[in-house]
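*Asks:* If you want the building blocks of each chain, they are given just below.
2 protein chains.
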Amino acid sequence: MSVIYERVALIGLGLIAGSMARAMRRGGLAKEIVGTSRSAETRETARDIGFCDRVVDTAEDAVIEADLVVLAVPVGAMGGVARRIGPNLMRSATVTDVGSVKRHVIEQVRPFIPQHVHFIPGHPLAGTEQSGPRSGFASLFENRWCLLIPDEGTDPDALRRLRSLWEAMGANVDEMEADHHDLVLAVTSHAPHLIAYTMVGVADDLKRVTDTEVVNYSAAGFRDFTRIAASDPTMWRDVFLANRGATLEVLGRFTEELFALQRAIRTGDGDRLFDYFKRTRAIRRGIIEAGQDTKAPDFGRVDAV
Amino acid sequence: MSVIYERVALIGLGLIAGSMARAMRRGGLAKEIVGTSRSAETRETARDIGFCDRVVDTAEDAVIEADLVVLAVPVGAMGGVARRIGPNLMRSATVTDVGSVKRHVIEQVRPFIPQHVHFIPGHPLAGTEQSGPRSGFASLFENRWCLLIPDEGTDPDALRRLRSLWEAMGANVDEMEADHHDLVLAVTSHAPHLIAYTMVGVADDLKRVTDTEVVNYSAAGFRDFTRIAASDPTMWRDVFLANRGATLEVLGRFTEELFALQRAIRTGDGDRLFDYFKRTRAIRRGIIEAGQDTKAPDFGRVDAV
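Sequence lines, in order, name chains A and B. Following this note's numbering, the numbering of the first sequence begins with 984 at its first residue and continues without gaps. Following this note's numbering, the numbering of the second sequence begins with 984 at its first residue and continues without gaps.
Each statement offered as a hint is correct.
Far from chain B, by Cβ distances over 12 Å, these chain A residues were calculated:
1) R1030
2) R1093
3) G1136
4) T1137
Which chain B residues face chain A? A few, computed with CB under 10 Å, are given here:
5) L1108
6) P1175
7) F1205
8) A1212
9) R1236
10) A1243
11) D1254
12) I1271
Coverage of chain A stretches by chain B, computed from C-beta distances (three or more under 8 Å per stretch; other residues unrestricted):
13) 1185-1191
14) 1211-1220
15) 1227-1234
16) 1243-1252
Because the hints were derived from the structure by calculation, they are not lab data. In this text, a Cβ means the ideal position worked out from N, Cα and C, and glycines have one as well.
The shape of chain A in the complex, shown without the other chains (with noise of 0.2 Å):
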């Protein structure tokens, strides 16, 4: 319990800032919170439940005498905060950002920075398909991974901070080069969502199954793409824009895949099927082992029931 910024200002107030908000708030972590959103009903959503000090109307405004500032929004309004809130920033203010892309939204942001603050880039591996200021509560963070990308000129005491932050949310975490950050992401996030949502359109689309036949016999597989397919269109939709070039090679591969298990099926080859759906056993025990999931088989709704 020991406070590390005097003010953070959460520009953006859905799933992250607002979990982020309550975490800081459990831990004492900030002094003072200040919050603010471009909507006027998700501003007045905020100051209802409270999760920040202070809601103000603008970024412009609420990054005044911040020394930690959060750009909390959509990937593809980065760049459009930045270049608001830039002038306003004080003097060796940190900013971090909780994107899930990074280069693109270091090429946005960092023009707008001036020379005496630091950037700091940042993504938490940590959401649910839900979104909005309802959406958020402490423990989002905790045992999750949070990467940061530092570069050569970041200031090491500004990234030490930042880090004792993050882990003092409960977070795990670790520093990353953007490009490969983006990578990365293309194959443990990107890629998984758009085949997701691609899938769910299909199977809308398929007039000869009716929707709810869709919806009623959805009991294995189909129905955990349908969770992940839940997700906020906004986000999605900057997100693949962003990390175009990560996500189109990361597709590229995972259909060249696909068309050689088409093929597999088409002729027959029981023994490439089996030897492949084998292999991928291993990757789920280590997800398991490194406790980024539950053992409970259906993700514990077995117990649920």
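Since chain A is already given, all that's left is putting chain B on it; use the hints.
*Replies:* Leaving out everything else, chain B in the frame of chain A:
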């Protein structure tokens, strides 16, 4: 609590048969449950756990004087089992199965079922990524759907009796035509499984991303794919080979759609992406309202933190 069958023979002692045994015992639905498995090790485990009244060494022996015989082996093994048990089936017994594909199973099994025996294929849409005799539990079928596949020659009394067994185990029962079943399941289960297997395989293959990175940073999307891809490889190999036509048709639609979205990413067509992603949310809502999943964010993993 009323006996529906005198003696139930379970051929195969994996997740589904093990759960049926436990559910039937809990409800007092069968006077005696006889089980068998091809594997001596599985039979030994089942004897240790004791979820059957008797475990016998062969399918031929298991079906003797059974009034219900449940084929709960991988889809590719159904025909061989039917050939062996056919001569030993009791007059007026009912044979059913729990395979994920119906047309292929009917073609493989029906020739070996004597005239005086009822054959009513079935498919409980329930399961987890776990397999083997230790993985079953009595509540697996509660509020899940079980599809039965009668035809014009099906005896109404035998059908009613089988339906009442599934209902007594907690399932909702519906009837469906075999080919339509195979198409519906290709959409809601088979294609999603192949896609998940493929994506996990691609992640494992991509040399520039380490396995540790895949494992640690799998918080969103990919983690759900690995659960699906942890399912039993033998079972799934057989499903794809047995439901070749419908699976390839759905995968064809899927790749067509995926190419269109890839193109939208490449050309920067954000509106197209946004509209697509927005549409898929409605399906998710339907599944939650139909009681086929939890409304809790992140499958309720959140509450477990």
